[in-house]
Structures are given as structure tokens and as C-alpha cells.
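K.L.:
Read off the chains here:
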Amino acid sequence: MEQLASLAPYVLILPLCMFLILGLFGKKMCPKVSGILGTTVFGIVSVLCYYIAFKYFFSGDYQIGDTFQKVTLFNMEWLRMNQNLVISIGFLLDPLSAIMLIVISTVSLMVHIYSMGYMHGEGGFQRFYAILSLFSFAMLGLVVATNIFQMYIFWELVGVSSFLLISFYYFKHSAVRAAKKAFIVTRFADMFFLIGILILSYYTKTFDFGPLTQVTDGHVEIVNSTMSGVTLLGFPIISIAVFLIFLGGAGKSAMFPLHIWLPDAMEGPTPASALIHAATMVVAGVYLVARLFPIYSFEAPHVLEIIAYIGAFTSIFAAVIACAQTDIKRVLAFSTISQIAYMMVALGVSGYGGVDGLGYTASMWHLFTHAMFKALLFMAAGAIIHAVHSNEMDAMGNLRKKLPITHITFLIACLAIAGIPPFSGFFSKDEILVAAFETNKWVFAVEYFVAGLTAFYMFRLYYRIFWFGEPENGYEHEPHEAPLNMTFPLMFLAAVTVITGISWAFGKFSFTEFISSDYSSYEIHTHWNIALPSIGAGLVGILIATFLYLEKTGRPNKAVSYIKKPYIWAYNKFYIDEIYLYVTNNIIFQRICQPIAWFDRHIIDGFMNLLSWVTNKTSEETKEVQSGYVQQYAWVFIMGVITIVLLSINL
Amino acid sequence: MNILSLFVIIPLVMMAVIFCVNGEKKSLIRTIMSIGGFALLCTSAYLTIQFLELRQIDSTSEFLFTESAMWYERFNIHYSVGVDGISVAMLLLSSIVVITGVFVSYAMEEKVKEYFLWFLMLSIGVYGFFISLDLFTMFLFYEVALIPMYLLIGLWGSGKKEYSAMKLTLMLMGGSAFLMVGIFGIYYNSIPEGSEGTFNIQEIAANVQALKANGGDISWEYIFFPLTFVGFGVLGAMFPFHTWSPDGHASAPTAVSMLHAGVLMKLGGYGCFRVAMYLMPDAAQDLAWIFIILTGISVVYGAFSACVQNDLKYINAYSSVSHCGLVLFALLMMNKTAMTGAILQMVSHGLMTALFFALIGMIYGRTHTRDIREMGGLMKIMPILCVCYVIAGLASLGLPGLSGFVAEMTIFVGAFQHPDLFHRVFVILGCSSIVITAVYILRVVGKILMGPVQDKHHETLTDAVWYEKVAAFGLIAAIAAIGMAPLWLSNMIGGGIENIAKLFTYGL
Amino acid sequence: MNHEISLVVVMILVLLADLTIGDKNKKASQLLSIGLFLAHTILCFQWSNSFSPTEAFSGMYLTSEIHMFVKNMLNIGTVLVFLYAYYWNTHENKSHAGEFYFLTLSTLLGMYLMISSGNFLLFYIGLETASIPMATLVALNKKREESAEAAAKYILTAAFSSGVMIFGISMLYATCGTLYFDGISANFSDFNLSIMGLVFFIAGIGFKISLVPFHLWTADTYQGAPTSVTAYLSVISKGAAAFAFMCILMKAFSNYPEAWKEIMWWIIVVTITVGNLFAIRQKNLKRFLAFSSISQAGYIMLGVIAGSDQGMASLVFYTLIYMFTNLAAFGIISSIEDQTGKVSMDDYDGLYDTNPKLAVVMMLAMFSLGGIPPFAGFFSKFFIFMAAAEQGEYLLVFLALLNTIISLYYYLLVVKAMFIKKSDSPLPTIKIDNMSKVGLIICTICILALGFISPLYSFIAERSFGF
Amino acid sequence: MNIPVESYFILSTLLFFIGVYGFVARKNLISILMSVELILNAANINFVVANRFIFPEQLEGHIYSLFVIAIAAAETAVAISIIINVYRQKKNIDAKSINELKY
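Residue numbers (this note's numbering), protein chains in the order written: chain C, 1 to 651; chain G, 1 to 508; chain Z, 1 to 467; chain E, 1 to 103.
Since the hints were made in silico from the structure, they are not lab data.
Coverage of chain Z stretches by chain G, computed from C-beta distances (three or more under 8 Å per stretch; other residues unrestricted): (1) 364-373; (2) 400-406; (3) 410-421; (4) 450-459.
Some, not all, of what chain E presents toward chain Z, calculated at C-beta under 7 Å: (5) V36; (6) L40; (7) A43; (8) F55; (9) A79; (10) I82; (11) N85; (12) V86; (13) Q89; (14) I98; (15) E100; (16) L101.
By construction, the Cβ of each residue, glycine as well, lies at the ideal position given by its N, Cα and C atoms.
Pulled out of the complex, with its shape left as it was, chain C reads as follows (with noise of 0.2 Å):
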């Protein structure tokens, strides 16, 4: 205990440490050096996460019976409200944040390696270093929040370092904008997260997650006691606090509407795509829900309810969207897009403790497997990109000599996401699908569909890279493998994915040991009956991919002929960029930023320049008063008497 308490601020000190000399001192040192140093330090700490993790599930010292206790390692005062109200920063320790602890350390550190590789030669390579760092800290702050305005805090700084990777590349046109898009769109979510945090925090008079997530006979007491019979507008207040959060778990995680950022976000390096919007940032909204789910589990069912109802609608839409994809990292966004929405979906569809929270283990569980292999993908993607320079899938093709090892990690991760035992992604979607069953046979059905989708889109991208022969004219110059420094990482991810699937299939470990709704670990085993019907789906849909994108044919130009219109829509996601484009330069600054300057510099300014105006044209219109006639000054004069005269005496 006191040994970890020791390690753990160490955790947080050193990246931020890194952001600062890397930032600062950047420029002085040659970018080896700054890669070096980076990437050993992280590993430094990777290393206590793991060490941290480690101690926490296997030395026992956590778990009274089979139940893993919250332990706050520190907590020092950062601001105080008032009595009751304080932000302070902090390190809970529990199987959620143990759990992200192993994701985030494991994932960055391969990204750190990788970019040695990947960024060789870039300008800048310092300031992507220090970005990392900089947002590594701030993901491993919010996972080890104690308390909801922590998160909040650290929740802003990875919303910023990734604006700053997403405008790496600052002196291009479309980088700018995708940053600006979003951080603006993720901004406007956080903003409902703050008013729900400002409403949870006026009722309960506290920001700590201990009695935030405190189950006492059913209910969240410190909640239940203040909040429940109080309504807003007919809505009991609890709900609209909590739908609140949650709207800001959507913007970060990309559920629709708000999901628009993530596929422009692909503007900015590709490690930085694997690690902020492929691995860990976009999970926080997930991580978020996770972290209230006693509140929305036990105080608000509903909003359980619409938010499994969202997550399905957005896999399946960006499942689509992703199917007529060409940018093979727009593919893999939308791919993330329906992934995290299945997290969702499962959180939605989970019940509290025992077999019943079977979803928001299974969410977490693919929470951990996705972000290995949707990592594994993208860093394969930039190997890719890497060695044809380009996005786009018709400058691919027959890939699969040329970079063998690339060609078969990314084959496995893609086996993974489309839930083919056993890899690990087939096991923690199929236990999804069987929360979905058990509570929600629409939801079942919508996710199961997309299973199938994902398969197929998942070997379309496959075969167009790695089959469907070469693009017409050649590849300028001859690509070839990446070196090791990239490939390594693959590597890495290919064999968790792999070793993690298949010790769970032989039963060597179970995740429900590590993580569950109520902490207490419990006994599940694979439902064959829902299982082989969705390994059927993913097959099907890899059967299809395999028809269509095998060998270059006119099959799929067919295929769309068929299907032009939805086709057109889903390549142009259903138009929604254009909805929002609309809506914020016609309405917002058209109709209500340009007439308030307007009104401002002409009715209000003009009001204080007619004041004067007034007073200057009175000044010469009355200078006739003075005519310079005595004989006038002297009628003046009497006059002015007389009506003073009359004025004054009482008639």
C-alpha cells in the first residue's frame, strides 16, 4: 500500500516532467535524443502502471473475499469551493482504472516506439514527443481520477493535446480544421458535462467518485437521499444530470450526432491517430459511464436505456458509412466509431453485480482488446501509408509480399475485430451480444448485424491492400517493409491480441476475475448458441469481402450499381458534415454573431455618437441666441425676468 502510494504520484509527475523539458528544451536537443528520452521514460512509467496493476490484482491486498476494494493512493487539496466542495487531484486505484492503467501504458509506449520510426525526419519531431507525453499525462490523470471535477480537468487537457496532434501538421489547410472541429465539438460536449457535473455536485455537495459510486441496498445513498422526486420540466433532475454527463462521454467518444470530429481528426499523424483516436481518449466517454455506472445503473435506468439505443444506432451507422470508405484511415475511424459505440451499447444494456453486469465487463473487456487491435490497425495503417505515401486504397494492392509482417498482424487484428476465435475480439463481443440478448432483443439484433458489417468492411479494406492487385499505374517506387522500430510494435499488439484470445478460450484466465459492475468477481463461460451465429455473421461477411475484393474485377462497381444511392450517401456519411457546416456559418455567425456586432457598433455605439452629435448641432443651432445686438441681449434679459416673475409669485 504505502509502497504504491510512494510510486504512484510518479506516474503522473513523469510525463508531465517530459511535456515540459521536451517542450521547452526541445529545440535544443536533436531529435533522436528527444525520442530516446521520451520513450524511456514512458517506458519507466508504462513499467508502474504494469508494477501498480500487477500488485493490485495478484498481492491480494486489495480484494476482502473476492471483492476488489477502491483505493485512493493520494489525494492532495488542488482548489477549495467551500466546505464541502473540493477539487483535488489524486489516484484511485480500483479494476477500472487498473484495467486503463495496463490499456494507456501498453498502447502509448508502443506508439512512442513506433513514431522513432514513423516521425523520422519530421520537423517537429520534438513537439510531437512532447504533445505525447503531455496527453499521455492527461489520460492518466482522468483514468485515475478520484473525483468527477479531476476528470473533468484532465478530460479538457487530453481534449487540447489532442487539438495540438490533430494541427501537427499546422501549415496545412485541412489540419487546422479538422483540430478546430475537434476541440470546438468536443468543447460543446464538455460543456454539458460541466453543467451535469454543476448539477450532480449542487445536490449530493460532492465531487468524490468514493460516495458518488457508494451501493448501499439498491441505491446510490448520498444520491438517492438528495436527488430522487426532484424534477425539471417533468424530467426527475437525476436523469438530466446524468444524460448530461453522459453527452459529454458522447462528444469525446464520437457517438452520433457528435461524431464528426473523428474521421477528420485522421489529418494528424498516424501514431497520434492510433493512440488518441483509436486506443484511449475516444474510450473516455465509455471509461466515463463505466465510472458512474452505480448512479445510471441504480438512479437512472433510462438514460441506461436511451444510451444503449444510441450506441446501437451509431455502430451500425458508421459501420455503414465505413463500408464505402476509400481512405483506408477514414475506414478504420468509422470502424472506431462503431467499436466504441458497441462499448456503449453493452454498458447500456448491463445490469448491476454479478451475471447480470455480464455488459459492463464485456464492455470493458472490448474496451481492452480494441484497443489493442484498432491500435495494431492504425499502426499497421501508417506502415502502409508509410511505404505508398498515401491514403487512398486505389494506390494500394498486393501488398502482401512486400510487407509480410505488416500483411499478417494486420490480417489477425482484422480476424480479431470481426470476432473469429480465437482472438480476443471475438470473445469480448460475443459476450456483448449475449448481454444484448438477454435484455434487449432489438439492440441484439441491430449489433449483431453490425457484426457482420464489420467483418465485411474490415476484409474489404484487407484485400484492397493487401490483394486485389496492383493500382494502375504502378507504385512510383518500390514499397518495402518498415523497419523495426515500427514493426515491433505490431508485433507486440498482434501476439496480446492473440495471447489474451486464446488464454481465455483454454480458460486460463477469465476477465471477470479482474473487472465487474460490483468488483467481486464470478464464473461465466462462453453461450455457443449466441456465439457460432455471430462467428456465422463474420464469416458470411468475410465471405462477401473475399467475393467482391479478392481479385480486381468489376464486381464491385456492380455490387454499387445496385445500391447507388445509399452508396452516394454513406461515402458522403450521410451528409451530416455538411448539416453542421451549415448550421454553424449560416446560422450561428450569419444570423446571430454578425447582426450582434452589427447591432452593437451601430445601435449601441451609434446611440453614444448621436449623444454627442446632439450636443454639437444644438451648440450651433443655437449660437443664434448671441446675436450680437445689445438691444437683443436686453429683450433676453426682461424676458427672462418676467417669466421668472410669473414663475415665482403666487397669483
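Since the structure of chain C is provided, determine the placement of chains G, Z and E on it from the hints.
P.N.:
Just chains G, Z and E now, with coordinates in the frame of chain C:
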């Protein structure tokens, strides 16, 4: 001698010295200025430490370092000074802005001597206002601070400077006209039976409380509170009395914009708080809603109109309107947390906006344009300046770890504790400003700093020189310091707030 | 009585000096007269230290400490005017220098009587003694057509207004049966005839203080008269009249304030506003200051409407500071006019670049007139407003304050001309004579210092208690 | 025969307003001066009458009117001299002609 008087004496001495120096010896004058400014900075830092120590010992008395000397005994006017946590914070802010302002105006070549004389007079007014506990001296310093603006803008300004200078001066003087009537009203109506009136704020407050306790007539508050509040509100850029600010800031020379937006506008908020609300709590409480609406408007309104401006200074001026609106807004929420947030916001906005104006000045000095449509991709050309600009922008859109976030969050959380729904609805309205702020900040950052280089002539421009770096980094350091470790500051301020907050129903 | 006597003596001596050595040695006679008057001034200070309330002509003439103070004040002002006038008298006005001093002093004598009169007869005599020589002073420089015109307007309006005034006094006499102030205050009632008398009287004295609507002569006369005389008019005679006015209101009409408070309220508002509005458009600085002085008179009247000891104190204080401030302004104007003949505001463009000192002094004067701290004007304004506010005249104070914004506007116009505007043909660098220099230095010091010297105010306040 | 006091006052008031009318209406500066005299005399009548009929036991009114007459003389003298000065420059004494200074 009392340490507080130093804040007036040091600038006076500097004025005397510079007055004697031959105007041609520019570098000498600059040196004197930087030395003096540094002395002021040290004094305020020392004061802060002393204050915190003394607070440990004596936590009861409202003001520390008090000193009082009879001036006009006919009206019982004293030169009486004293500070609580709030004024200490303000003094610290002023010192930082003043010294950085000096460094920023190092490049000034024309009529250096006169420029710095007026600059010093302005700072005397500011310091004097923050240290004085006597309404008369307070008002005196207030106007002392206002008038130099006219010549500073008119002589060294740019654009339609004469118009802006005149407009600014007259509008602020109009504000002080309201204020003066308010002061008279307070003075004469707070006189207890059988004793003579006083200008001392503490005594007045005590008298008013006694009057209320004895069931005396306090209806006068309802006439003079609005007058006083509006009087200070004009300087606090409260809608609809804010229009001097865009033109004024746009025309003013850099350092003056810094000092004006950074410190002088804070006089408004400080006065609203120290005079209007402290001395007339009942009226404040009953009439708050009017001003909550007005300030709530200016928060959103300023942000929206900043979104479509094309002149950098205009953008910043409007964002100042929005942020200072937030200050008054939080003050009117009348509870300790919100008020603390308001003061924090004053400090943080002071630093932020000073940094902004400094950087805008530096950029303008190089590109000779402030129109964002004519700039682009400056990040490549002058990285240091631009990174500073980005930091300033992030601070102003409330990035955690920088001062803006601390202030805004304290305000929102505090204000939301108000049990009345009306208030909370307006708080939510205020929250929307953080999004709009992000919009216009990113608009500028994306337009002028990022993207491809717009104007080929800009490619030859140089990056910051040493004194500019000193100014910018100094301000950034302060911003970050507050943002990282806000606790001591908010506690210091909170201590001062309590005395006033306890007058209100939901104060504590 | 000492003041008057010694003044008469000085007058005679000045006259003799002019007659005897005036023709041969102008300078000497002038210096002599200035010296004599200086001596008189100092003596007066001596006497006011050892003071005992005197009364003469069976109570027609009575004097108290505050009267002494005001008289000394007027003396100082006159000294300053003499200092400014010296250059003009030694160059342009060589032939009539002697008259200048003699006439000025005789008007001063008139003001003495006017101030310390206890009876309408003496008051009337004093008033006329003050205004008739004034006309000749205005006309003093015979060559200039303006001067004659200004004088004509002045004397005609003066005669007219004094006619109106004594008509009013006659009504008061007819109703109250006495011309002694205390007698009047005893018998005064809201009998229409006596109220009419009061109004006519206010009109008569309002002419001297140039209150609206009795002000129209002011601008023309100020512009036409020689600048030193204008300075004298705008400061000394106005101040004396204002003080006398307040004394009379306090003595004769104090027990029936309703009758005049209302009237004064309106007169003040109109005066300040009209003065400001007309001043905005002026280009000729003398004319500009004329209108500014009209609005200043309005502010002075705030003390009158307060009608209290504090009102009296702040009125005197205001007049004192107004005297120094305005004289500083006129000092600049006259010395520039004497040397270059330029009085238009446009001529002052870029003055700071050529004559920084003059520009700075002028700026100080303008700020002080506008009531900008830390200059003396701020304090006087603040206190006189307080005096009015004490009587609950908040609305009036507020209107007056709004007017100060306008006034600040045109004062800043002058500052703008001198400092901000650039001129292709700026005034040449001017070497001002030592006399004016001394005067200007005194004024500048007073502008900077008087506000902070609180004992001065308490000195006045003690004396003005009950006067 | 005895004449009621009021009629004296009516007379004086008439005289006063005639004087005012003259001052405002006449062209010639001299006649304007003369109308000033009328005003003064109106006042004098008031004084004397008030003294004679209302407060017969004192002399203030009489004295006052004497002073007024004296001062009026002085005033007129100065006025005339100034008017002469005006005539020197303008070659006429028309009231309308002296309006160089205005606005």
C-alpha cells in the same frame, strides 16, 4: 512608514526623477522605469508574503497594514490605507502588468519621457485605488487613473485615436459622474444620529449595518446602489456601457492597452464589489437581478461579437467585455465561492489580456497590420511569439493548468450553488460562453498562426527580442503559476471575501 | 475699514505717481503702483490677522473675518492681473498705463464695499463703483474697434441691469420699509411685490455674475476687452459679486429661502448647460473662456443654493481656486496674444512642440477647470457638490455632473490642440516677460498644491461659520 | 385733492416699461441711454413715494433716490464717452451697427 504608501511613493519618485532627466536620454529613462517597476514588483511580492504571515497571526481584523492620517477633518476625510486578500491580489496583478508594460514599451521612440510620465500617473491612480480605504481618496485615485488615458491614446495611439481617446475619456467620466452622486448619497445617508459622517469604508459599512439594525430607513440604498454600480460598471465594461472599450483598446498603444484592460478595467469590478455591494448590501441583494441580466447579456454578447471581428484588438476587446462581464456576473451571485471566483477571474483576465495585448502589439509591430485576413502561418516565421499567443488563447478559453480555468470553474460552481433557479439558469447561460470563447480564439489561432504563410513579405520577419521575451514569459509564468497552484491565492482572496459575503443571505 | 482706507490711499498715490513721473518714466511709475498695491496686499494680511469685527456708517458697512479673507483673495488676484498686464502696459498700452491701474483699483474698491455692505444703498454704490470704471477699462484700448464695441455693450447692459435692480430694490423698500439687510430679513414675506423685488435684484446681480439669461454681454465683452481686463472681469469681479450675492441672500432673505431656492435651481441648471453648450463651438480662446466662466458661475451658485455654512465655505474655496486656475489660463493667453496677437484655438496647434512650458501650464489649468484630480479644481468641485448634496439637491448635483462631461470635452479640445494636433505653422517659441512668468509660476504652484493643503479649507470653513 | 398711492406705483411701473421698451426698440445709442434714465427714474419714484406715503418717519428712500441720480449721472457720462469712442470708429451711433462680436 506604511509599506502600502510605497505603492504611491515609488511611482511619484520615479516621476520626479524622469521629469528631471533630459528627454533625449531614452535608454536612461527606460532603465529607470524598469528599475522602478521591478521595485514595485518586489514590494508587492514582499507585501503578499507579509500579508500571508500576518493573516496567520491575526485572522480577525478585516484589513491589515492599516494606516490613517487626517486630511480634511471638515468632512472627516482621511488618507487611510489598508489591504485585505483581494487588494493584495490586485496589487500583485498591477505590479506584474506594470513591469511587463514597461518592457513592452521599450521599443517606444517618440516622446519617451512624456509617455512614461503619463504611464506612471496612470499606475499611481491604479495603485492608490487599490490601497485606499477612504471613499474620497479612492475616487480621487480612480479619476487620476482615468485622465492619462486621454493623452496616452491620443498622442501615442494608432488609427482613429483622437476619436477613441475622447470617447473613452468622456464615457468613463460619465461613469464617474454617476459614481460621485452615489458617493454623496452614501456619505450623507449613512450618518448615524448625532455624529458626523465619514468616508471610511469600514465605518460606513458598520454605520449602515447599525442603521439597519435599529430599523432605520435604508430606502436610499435603492437609489444610490444602481448609481454606484453603474458608475463602476462603465469601467467594468458592462453592457450597454462597454462601447468605449473596443475603440479605446484598438487605438491605444500596446502597453496602455495592457494596463487598461489588464488593471484599469478591474477597478470597475473592484469598486462594484468594495463600494456598491459592501456598503449597500440590501439594495444589492434586491436589485441584483437587473444587473445579473445585463452582465449575463454582456458575457454572451461580447463573446458572440468577438466571433466576427477582424481586427485582433477588437477581438480581444470584445472578449474582455465578455470576461469582465463574467466578473460582475459572479459578484452579483453574492456567495463566497462565486465572488472568490470573480476576483480570481479579475486577476487571471488581467494577466491573460495583458499578455494578449502585448503579443498583438509585438505582432503588429512586425506585420504592421492587425487584420486577421491579411496574416497567416506566422507560426513558421515567429515561433516564440506564436506559441505564447497560443498559450494566451488556451488560457482565455479556460484550459486547466492555466489561470482562466481556475477562475471560471470557481465562478460556475460557486454561482450554481445559489438556491434560486433564476440564478442557476443564468449560470448555464454563462457556461455557454466557454464554447463561444473557444470558437473565436481558435478562429484567430487557426487563421493567423497556422495554415500556409499568407503574405510573402512576412517571411522575413524576426522573432521576439529579449525585452519582449521578458514581458511575455513573465506573464505566462504568472498565468501558469496561478493555474497550477491556485489554492493559496483563492484562500487569500476568500478570506477577504468572507467579510462582505456574510452580509448576504446565501453569502457563506 | 482698514482695507478700504489703505486702498483709497494707494489709489491716490498711484494717481499722483502717474501724474508726476508717469510721463517721463512710465516703467518707474508702473513699478511703483504695483509695489504700492503689493504693500497694500501685505498690510491687509497683517490686519486680517489682528481682526475685530468692525461696523461703520451706522451698520451700512460691516465686516467679518470671511469678508477679510475674500478681500485678501481679491487683492492677490489683482496683483496677478497686474503682473500679467505689465507687459501689455509697457508696450501696447503705454499711453494709458496709469489709468489702467487707477481704474482697476477703483473697481476693486467698489467690490470691497459691495462685499461688506449691510445695506442696499452701500451695496448699490459699491456695485456701480465696480462696474462703471470697468466699462472704461474695457474700452481702454481705443485703437481696437472691438474694444469700443465691447465697452458699449457692457456699459449699456450694466446700466440697464442696474436700473432693473434698483427698481427691484425699490419694491423691496416699499414692502419692507427699510434697506438694511437684517431689517429686510425681518419683514420679508411671500408678498408678491417683495418676491418681484427679489427677482429683479437677482437679475441685477446675476448680470455681474453672468448667470443665464442675464449673461449675453459676457462673451462679447470678454472677447473685446484687453486680455488682462478680461482676466480681471472673469475672475475678480465675478468672484466678488458671487460672494456678495451669497452674503445678501444669507443676510436679507435667509428666513424665506423657498422664495429663491426654486429660482436658483432653475437658473443654475440653465446657466451650466447654456454655458457649456455655447462653449463647445468657440474657436476664439477668450470667448471660449467667457462661456466656460459662465458655466463655472453656475457651479459657484451651487454653494449659494446650499445656503449653509458649508455652502459659503465651499463657495469661497471654489472662487479661490477658480481664480488661480482661470488666471493661469489667461496668463498664457495674454502673453501669447501680446507677443503674437494669436488668440484662436487653431493657432495653438502643436503648441507643445514649440513652447512646452506654456502648453503644460495651460493643460494644468484646463484639467483643473474640468475638475480632474489631483489638481485643485477637483477638490473645489467635489466640495461644492457636497455642499449642495448636503441639502439633498442630488438631482441638481447629478445634472451639474453630467454637464462636467461636456465641459471636460471642450477643455480637452484645447489640450488636444496643444498636444495631439500637428500644425504646419506652429507658434514661434515665446520668451515671456518675468512679471507674467512670476504670475504663472504662482498660479501653477497653487493649482498643483492648493488641493492637498487641507488647512486652507478648514481656515475658510472656520471663518465662514455664521459669517 | 389726494391721489391714491397705487396710482404712483402704476405710473412708475409704466415708466419702467416705457424705459425697457425704449431700450429695446430705439435705434440710436443716445436714446437708449435716455431710456435707461427712464428706468432709473421709475425706481426713484418708487423710492420717494414709498418713503413719503408708506414710511414717512424716515429718509432712506429720499437719500437713495439722490444717490441714484448721482450715480446715473456718472454712468451716463462714461456711457457717452464710450459712445463717442464708438462714433469715432464707426462714424455712426446706430445700435445695430455694433455687432462685430457675436456667436
